[in-house]
Amino acid sequence: MLLVADSGSSKADWILTLSENQTISFRTSGINPFFLSEKDIIKIFQNTPEIQPYTDQVKEIYFFGAGCSSPDRRELISNALSKIFKNAFISVDIDIIACIYATTGTSDGICCILGTGSNISYFDGNRIHDSKHGLGYILGDEGSGTYFGRQLITGYLYGTMPSELSGEFYRKYNIDKEKIIKRIYQEPSPNFYLASFAPFMSEHLSHPYIIEILKRGFNEFIETNIKSYPDYKTHTCHFVGSIAFHFSDILKQLCQEKGIKVGKILKHPIEELSLFILRNGEKIIR
11 MLLVADSGSS KADWILTLSE NQTISFRTSG INPFFLSEKD IIKIFQNTPE IQPYTDQVKE
71 IYFFGAGCSS PDRRELISNA LSKIFKNAFI SVDIDIIACI YATTGTSDGI CCILGTGSNI
131 SYFDGNRIHD SKHGLGYILG DEGSGTYFGR QLITGYLYGT MPSELSGEFY RKYNIDKEKI
191 IKRIYQEPSP NFYLASFAPF MSEHLSHPYI IEILKRGFNE FIETNIKSYP DYKTHTCHFV
251 GSIAFHFSDI LKQLCQEKGI KVGKILKHPI EELSLFILRN GEKIIR
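All residue numbers for the sequence shown refer to the numbering used here, where the first residue is 11 and numbers rise by one.
No lab work stands behind these hints, which were simulated from the structure alone. Be aware that a few hints might be false.
Each computed DSSO-like pair below joins lysine-lysine, with the alpha-carbon atoms no more than 30 angstroms apart [what the hints assert, rightly or not]:
1) K142 <-> K182
2) K243 <-> K53
3) K53 <-> K192
4) K53 <-> K21
5) K53 <-> K96
6) K96 <-> K21
7) K277 <-> K182
8) K21 <-> K192
9) K142 <-> K237
10) K142 <-> K225
Computed spacing ranges between beta-carbons, pair by pair [to be verified]:
11) D140 <-> N31: 34 to 42 angstroms
12) T65 <-> N31: 16 to 24 angstroms
13) L28 <-> Q263: 40 to 48 angstroms
14) L215 <-> K93: 38 to 46 angstroms
15) H214 <-> R289: 38 to 46 angstroms
16) K187 <-> K277: 32 to 40 angstroms
17) K277 <-> G169: 27 to 35 angstroms
Cβ coordinates follow ideal geometry from the N, Cα and C atoms, glycine included.
Let the sequences and hints guide you as you build the complete structure.
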């Protein structure tokens, strides 16, 4: 049995392949080693009934996740998974590699993540080039759910959000400055909290204020991330993540204006990712 996971900070998608024609798909909360301990990860699986009958039968696990850039954080996840899946070979890698597998496969291309956080990498068809990006929600995450949530909250608190929107914002979330400050600075996972406000943009997508926020965020991602590659206009640029998917019209428009060729835009890359690994086996890119 083969188990494949694509994990962001807020949620993780899994596909368990039982046989050639039988799979089980399920979702758990996000598994990011920046925010979770080994015990936290084990607890997630103990509360996931879909996987319980198969823990001893899984032979291979390929986990791709946010926050897995360093060996010690990959080891944390691997150790946790090995406590649950005692007979499995376990591979843990960064989420941007999942984006590459699901979009470009073995062809060259620029791969972008726009979800709770944001990231980018270039794959030349043979190897993945190192990126200076993916700095997290404090230093980076341009064009992400966290970025846009921060823009909405600061606009609301500073009073620059139009009154018709600020009224809706208050009615929907019932928050004030004190609640927001406490939640962001005194409680865990402020990035999840900030990103939780991003759906407000979908509900008011026709409003000029929202359109301007989206354009500003996507332009910042393009200028800071995509344009950092000198030959960005010659490569197809792929996107995965809920932010890229739900606001794809604006994203594609801005890319077109800047001469960027847009390829796939996937909300959840798990199906394409699982198929790629099944088809390529031990030949997957390293």
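Consistency of the hints with the structure:
For the hint pairing K142 with K182, the CA-to-CA distance comes to about 37 angstroms; that exceeds 30 angstroms, so the pair is violated. For the suggested pair K243 and K53, the alpha carbons sit about 45 angstroms apart, so the restraint of at most 30 angstroms is broken. Distance hint between K53 and K192 is fulfilled; the C-alpha atoms sit about 27 angstroms from each other, no more than 30 angstroms. Taking the CA atoms of K53 and K21, the gap is about 15 angstroms. The hint holds against a cut of 30 angstroms.
A C-alpha spacing of about 16 angstroms is found between K53 and K96, which places the hinted pair at or below 30 angstroms, so the restraint holds. With a CA separation close to 24 angstroms, the supplied pair K96 and K21 stays within the 30 angstroms bound. Between the alpha carbons of K277 and K182 the distance comes to roughly 25 angstroms, so the proposed pair stays at or under 30 angstroms and holds. Taking the CA atoms of K21 and K192, the gap is about 24 angstroms. The hint holds against a cut of 30 angstroms.
With a C-alpha separation of about 12 angstroms, the suggested pair K142 and K237 falls inside the 30 angstroms cut-off, and the hint holds. Restraint check: the Cα-Cα separation between K142 and K225 comes to about 23 angstroms, which is no more than 30 angstroms; the hinted pair holds. Between D140 and N31, the C-beta spacing of about 39 angstroms keeps the proposed range 34 to 42 angstroms intact. Between T65 and N31 the C-beta distance comes to about 22 angstroms, which sits within the given range of 16 to 24 angstroms.
For L28 and Q263, the hinted distance range of 40 to 48 angstroms is satisfied, since their beta carbons lie about 42 angstroms from each other. Take L215 and K93: their Cβ atoms lie about 44 angstroms apart, and the range 38 to 46 angstroms holds. Restraint check, H214 to R289: a C-beta distance of roughly 42 angstroms satisfies the suggested window 38 to 46 angstroms. Our hint of 32 to 40 angstroms for K187 and K277 holds, since their Cβ atoms are close to 33 angstroms apart.
In this structure the hint that K277 and G169 lie 27 to 35 angstroms apart at CB holds, the actual value being about 34 angstroms.
This entry does not satisfy hints 1, 2, going by the numbered hints stated previously.
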